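Knowing the structure of chain A, use the given hints to seat chain B with the ligands on it.
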Amino acid sequence: MSTNKETTPVNVDAYLGLNKYEVDEGNPHIELAPNPDMAQFMELVRVCPAGLYRVSPDGQQSADFAGCLECGTCRIVAQGGAVAVWRFPAAMMGIEYRYG
Amino acid sequence: MADFDAIVIGSGCAGPVAAHELAARGKSVLVVERGNYCGAKNVSGGRLYTHALADVFPDFLEDAPLERRVVRERISMLAPESGVMVEFTDEQMRRPGVESYTVLRAKFDPWLASKAEAAGAEYINGIPVEKLLKTGDRVTGVKAGDDEITAEVVLLCDGVNSLLAEQAVGAPRPARSSVAVGVKQVIELPERVISDRVACADGEGAAWLFMGDPTHGRVGGGFLYTNKESISIGIVATVADMVDSDVAIPQMLEDFKNHPAVAPVIAGGTVVEHSGHLVAEGGYDAMPALVGDGVMLAGESAMMCLNAGYTVRGMDLAIAAGMHAGRSAADALDAGDTSAAGLAGYVKALDGSFVMNDLRTLRHFPDFMEHTPRMFGTYPDMAAQMMRKVFLVDGSGMKPMRKVMWPMIKKVGLLNLARDARKGMKAV
Ligand SMILES: Cc1cc2nc3c(=O)[nH]c(=O)nc-3n(C[C@H](O)[C@H](O)[C@H](O)COP(=O)(O)OP(=O)(O)OC[C@H]3O[C@@H](n4cnc5c(N)ncnc54)[C@H](O)[C@@H]3O)c2cc1C
Ligand code: SF4
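Which chain is which? The protein sequence lines are A and B, in order. First residue of the first sequence: 40, per my numbering; consecutive thereafter. First residue of the second sequence: 353, per my numbering; consecutive thereafter.
Here chain A stands alone, though its shape is the one from the complex (with noise of 0.2 angstroms):
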């Protein structure tokens, strides 16, 4: 399959500001175990939908969930392995559609 032709880099951060949250400062409703395996956690950069798993060139691995769109997708890729806890956000906190 031929997947080599130019592409435009989506700024995924500035979808992510068109969508509504409460967000639970300080307390985030996702947890990374220490030291991430690299290879799972190259898996959660490439299923994330919102995009929040990042490796930076020298190799740093972040995530922020406070633009989690609450899906579970990281949950079934690295439960027990690079995500320690998946839990909802508390009441009232996370995510609102307005569209769905």
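Take every hint as true, because none was put in to throw you off.
Computed footprint of chain A on chain B; a stretch qualifies when at least three of its residues, placed anywhere within it, have a C-beta under 8 angstroms from a C-beta of chain A:
id : stretch
1  : 374 to 388
2  : 394 to 405
3  : 447 to 458
4  : 528 to 539
5  : 602 to 609
6  : 621 to 629
Result set (EDC-like, lysine to aspartate or glutamate): computed pairs, CA atoms no more than 20 angstroms apart in a straight line:
id : chain 1 : residue 1 : chain 2 : residue 2
7  : B       : K459      : A       : E135
8  : A       : K59       : B       : E540
9  : B       : K495      : B       : D355
10 : B       : K580      : B       : E540
11 : B       : K483      : B       : E518
12 : B       : K700      : B       : D637
Everything labelled a hint here was simulated from the structure, so no lab data went into it. Quick caveat, the model's predicted, so the values are computed rather than measured. Glycine included, every Cβ here is placed at the ideal spot set by N, Cα and C.
Here is chain B with the ligands on its own, set in the frame of chain A:
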């Protein structure tokens, strides 16, 4: 005595219908929904086949917030620079019982919930159920926030990402091959512009699925549905295959939107929301037990969803399952037995309905999709190549079709082609 006859967890598609049926039979029902309003956490493509809704609410057309009636079914096979489309339109698509409509869940789900409330169901919104209360093997209620609330029967209508199914009936977290990840955007455009772009009257529109380039050859596809004043566009990709894709899924959606067959349809529109959600697609063989002592599962919490490639159906299945679950729960409450044996009427009713019939019919489809990657890369490419030879004329002289197609067929192998076709026919 328990606090309620029944507690329903989740108010998406299955939950409110189950609650409605129970309340209509005079049962006390509490619905606990983690969204601050119903629909706040929910995403679908989405097109709703209305037959199941009509069984519960025959007058739904009077006030249901539906977007457009689908009168054009389109399937496109995309290669990076080209697309081959098949379109089907039929007067039958306007027939009651066959009609399908596009919906936006943040509008549709509150309406469905209002029906349950009108019938007498009580609602708590904004609080997730953290765990089930159990006495031995029997589910006796729920813990939500600081409250412990008991019921004779608890209905799990909490959808595909159920954190409770394991505790309820021992269903493990779904396998990567049993779920797909969906990413979607809603793009606003004027009503008339949308109608014109899909050649429909206002109030009517298209359901459009895409294979091949949208997922860069991965198992899955793209979708585009027309709403009244917006377009829903997205990608659904099987998690097991997506984990080693060379392109991340948000980029896939961006590329799909820029594809020459798609870009003009959404041109000038304004993105107003970016969403993500899982879709159950493991089918019949991925389903857990539907009842346990004091507990029932309806909808995608029990993996009731059909991904047939040309259409995704979960909402009509969830609505029908919610109806049967609610009615059977009411029967069990009347009989004073909400053990697994007492709730078995639900399993039987569902088994005799289209829900299990259709899940059984497409039982081998998930396996077919997973093991026929050519469906998502090679074949869309071949279709495009063939069309190029047919339609592009540059004066260099025509070649006979068999000469054009033979090298392509040879590349795949005649045997593989025949095998895939046979597998495909058997799977549907
Ligand atoms: C991208 C995409 C496209 C789709 N396209 C289509 C389509 O075109 N047509 C179609 O028919 N189907 C489609 N589907 C599938 C369809 O959306 C689902 O099958 C359907 O919504 C399932 O209904 P449900 O009631 O089982 O679950 P849901 O509608 O998901 O409802 C579950 C509810 O439970 C709540 N909940 C979850 N956990 C808790 C908890 N612990 N406590 C309290 N509340 C909780 C949630 O907030 C939610 O409101 C699509 C799905 C996706 C993701
Ligand atoms: S739940 Fe979904 S959106 Fe949130 S971090 Fe996990 S994969 Fe990303």
